[in-house]
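Asks: Listed below, chain by chain, are the residues.
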Amino acid sequence: MNPLPIDPKNLPLVNGDPFQGNLAQILLMVILLGAVAYLLLQHGLIKSKMMAWAGAGLFAFAALMAFTSIPMQLDSLVRMCFSILAVAGGIAFITTREPVHAALGFATAVLSSCGVMFMQSAYFIAAATMIVYAGATIIIFLFVLMFAQKAQLQWYDVQLTNPVIATVVATSLLMAIAWSVSESEEILPVKLDLTRPYSLAEPGPSPGMVMPPVPEASMTQDQLNAFVPAKTSGLGRSMFTDYLLAIELAGTVLLVATLGAIVLAQKPERDLS
Amino acid sequence: MLNFESLVWLIPLAPLVGCILCTILSFRGDKHYAHVPAIVSLLISAACALMVLLRWNAEASDTGFQIAEGYRYLQIGNVDLKLALRVDTLCLTLLSAVTSISAMIAIYSKGYMHGDDGYARYFAVFCGFVFSMTMLVLSHNLLMMYAFWEGVGTCSYLLIGYWFRKPSAARAATKAFLVNRIADTAFLFGILLLAYAIGHTDVGASQSWFARLDFQTIFDAAPVLAEKHGGLLTTIAWMLMIGAIGKSAQFPFHVWLPDAMEGPTPVSALIHAATMVTAGVYLMARLAPLTVLTPSVLITVAWLGGITSLIAAVMALYQDDLKRVLAYSTVSQLGYLFMALGTGAVKDLMTVAVVAAMFHLVTHAFFKALLFLSAGNVMHAMGDVIDMREFSGLKRVLPKTNILFAIGAAALAGVPLLAGFFSKDSVLAVLLDASSDTMVGGHFSILLGIGFLTAFLTAIYTSKAYFKTFHGPEKVPAAAGHHAHDASNIMLAPMAVLALGALLAGALLGPTGKISEYVSKTPGLHHHEHSEPMWLLVVSSLIALAGVFVGYTISHKSPATDGLGKSIADFGRNRLYIDWFYNLAIVQPMLSFAKALEWFDTNIIGALTDAVADLPRIVGLAGQRIQTGRVPSYSLLTAVGVALVAIWIVTRASW
Amino acid sequence: MSHSEVQNLLLLGGILFAIGLIGFLTRRSLILMFLSLETMLSGVSLNLIVFSKFHQNYQGQILAVMVLTISACEAAIALAMVVSLYRRKATLDVQAWDDLSETILPKSTAGDYQDLEHEEHYPKLSPAGLDPLDRPVPSSMQASLDQDQKTSPIVSEVNQRA
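Those protein sequence lines, which keep their order, are chains A, W and U. Going letter by letter, the first sequence gives residues 1 to 273 in the numbering used here. Going letter by letter, the second sequence gives residues 1 to 655 in the numbering used here. Going letter by letter, the third sequence gives residues 1 to 162 in the numbering used here.
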């Protein structure tokens, strides 16, 4: 992690520009990825237990590294491992014919991206995603699969809809994303905006609440580092002060969705009379 | 004791309350109680009218009229809109006749309309009519008068078409409404033109348009207008006159009234004989201070009245339908009234003319209502048959109706000492006075002749109808069944009251000079001594008696089947071919025009609209292919859209 | 946080999104389609978190929490719908449901799957808005009317009093 410059008004976090002049190569890479994706879609991922074990090992290594204090130099290596696992899991998910295997691929992709999130200091999100997606959702999906799945593979498990067009569309979307990401010169300077954008409370400190400190020019590097939102408690404070209304609404939506799911999944009453 | 203004306001408001109550009852499909609010409210109204009439001398101010202020509903700047009633002797005369006769007819209707499906609806419209009529008579403002003028027209439409499932009734209602519409349009233009003209005089320049049409302002401004803009005033008077003759069914607008007999008979008695059709006469009398300044219009009015009275009498002579005879007789008598009003063209004769017209109006209202109700009794007993060829000699079947009809017929025929005799004589007398004028006397000499001729014809057709119906061999149509009987007491009692009026009203009001003294108190009119020569009474008595004799002799002769007699009879029976001519000259061209417009609408406008409507369908055909209803295709299209937008966003800078 | 790191992680999010998109567009099983949707959402969450780190505030993470909540809702409802759809035609093929297609288009696979239940169940409404004097009550409605009258406690109470 690069050291933060002193002047908080103008904090050009990004100095290097590895993509400079490499746009064509990136786009080419994306196209190649697309071609590979199409081929894999047509023929399926190599069905090999070796691959699965290699993936599991890679994941274990990356997770171990992520949870231990890692030296700065290994940081990018671990991130690379997680990224590769996420992409590979995703590809496995969309190419496997067997639905249960596809669900496992999905789990791999989600768990790996959770690792990446973990490394981005989003501890709470990572944990919640793991619980919700990799835990609850996958389990329920598997239940439904068991409920609905026939003994042998169905026609609709094997056949794909419009694989060529879908690949082209997704690839071009990815190209657009890559292009926009690679526009290095216009990348924005970081603003340490710790003021509260939307709040139910009156602006200003309320009694009994410790306001987050504001970065100042006179601060040392260590003090400035403290502003990095690494703490789950900071997220919690922001959630229940600045975004209280939104969070409450989200909870309400969740409740309504629960009720809706219960109503929808009910068996129709046959015996009306 | 109520104060004067409250009494005046009660006259129109009581029927309004009755109308509202009956409307509520009609929503409940009532068939038994709707007459109660109607009769009570109309009796209250009649009582109030009579009380105002009796208290008038005590209340009258120097100006000769009273304004009963009501509700002021808008006041902005000099715009001052208020509901107010204007009371003077002219309107009280008409008002007491209208309210008392309508109360009598409402009582009669209780028996006549018994058990009808639209019982409550009938009484609701009935009360609504009386409300509109009283407001029309009491209006202090010409525009307000116009509003209620249309109100009575609407009620008349609703009552003519009361049995709206009967095609002939629906057609008659439409005909009455449309014919009136033509005249009313002219009336409205006349009102607007009058307001415009008054705005250009000193009297009305500073007033709002509404206030300019106040009757007092009109009377103040009329002499100024006549002096400065005589031509304009004549045009206005023409327009107003067209409105009046339209409502009063004068030639050439007379065609709607005989058809209006499709309504229930009490309605014919009330609206189309006694009250509403006199609104035109009332309008001319009300505006006498204005019309007196335009003698040419008054002469035209007199001529139209004369023509109408004559041709209507001829047509009445050849009708077989009892109610139609009475209808044409109404038209003819209204012609008399207009003749009388027309004599106002002669200098200083306006007051006498108005008095004569109002006198005949009141007496006519009594005996014509009586006649119609008697005809209603006949119809009731004969099972809705009203053709005189189908029945005869009913004097034993309907003994009481026989007497009542005889009284009414004698009054109409002008038999001496009955109501019609005196009032008709006063009309003839004023015509006689006018004929001695040096300037326009020639016109009125001819009109006097027409008056005598009409009186003769009236006596003939009245007595003919009476003798044909009640005398001769007894003959009852099959539709009556075997239980043809006279009407119930609830129907006969109000008729007896009307008969009393037909017997005595003339003698009480006319020769004693009461009506002359009373009506001439109206502001704008001046009392003039006026006497009828004795020889006129004698001549008209002789004419009436001769007519009755002729009518009796021809009543049971079969009509001529060949030669001149037949062609004249055909001419009369076909209403002088006037309806036929209107149909040919006005209705058919309009229908052809409407057909052409319909063709244009269907084939040009309709086709254009269809083409525009087809456009989305054709466009839709192009997009139809992608509406597969399947999730994958829709999501694919969405993804394509997202990808295109993303590409556009990132490449935007380089474009 | 280096520039390259940000770029790489954003690209990773994009790749996950694209994979989910391909999966959603190509797979025909309803369940796998919904899993693909979740993959796309996870890519988006990743991007938000990267931006949160980049801007050094909590806004991105808050948004990610929102995405998480909504995706949980969506998953619950989607699964409930999958279950009730499966009850209808005993298949997870998304192409079995093309009832909304234009009539001129051929029904590709709909014929292969038959409705298990032919009786439709709608909410039971009281027969309001019908004027019994004007129009005859439809026989189906009449039956329910009678039934209501039989079963309604108020009606039976009134009958007992009578």
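Everything labelled a hint here was simulated from the structure, so no lab data went into it. Be aware that a few hints might be false.
Claimed, not checked - Output of the computed footprint for chain U on chain A, the stretches with three or more beta carbons under 8 Å from beta carbons of chain U: (1) 95-105; (2) 120-127; (3) 237-247.
Cβ coordinates follow ideal geometry from the N, Cα and C atoms, glycine included.
Asks: Against each hint, give a clear statement of whether it holds in the structure.
Replies: Now the hints, each set against the structure:
{"no.": "1", "hint": "95-105", "in the structure": "holds (count 3)"}
{"no.": "2", "hint": "120-127", "in the structure": "holds (count 5)"}
{"no.": "3", "hint": "237-247", "in the structure": "holds (count 6)"}
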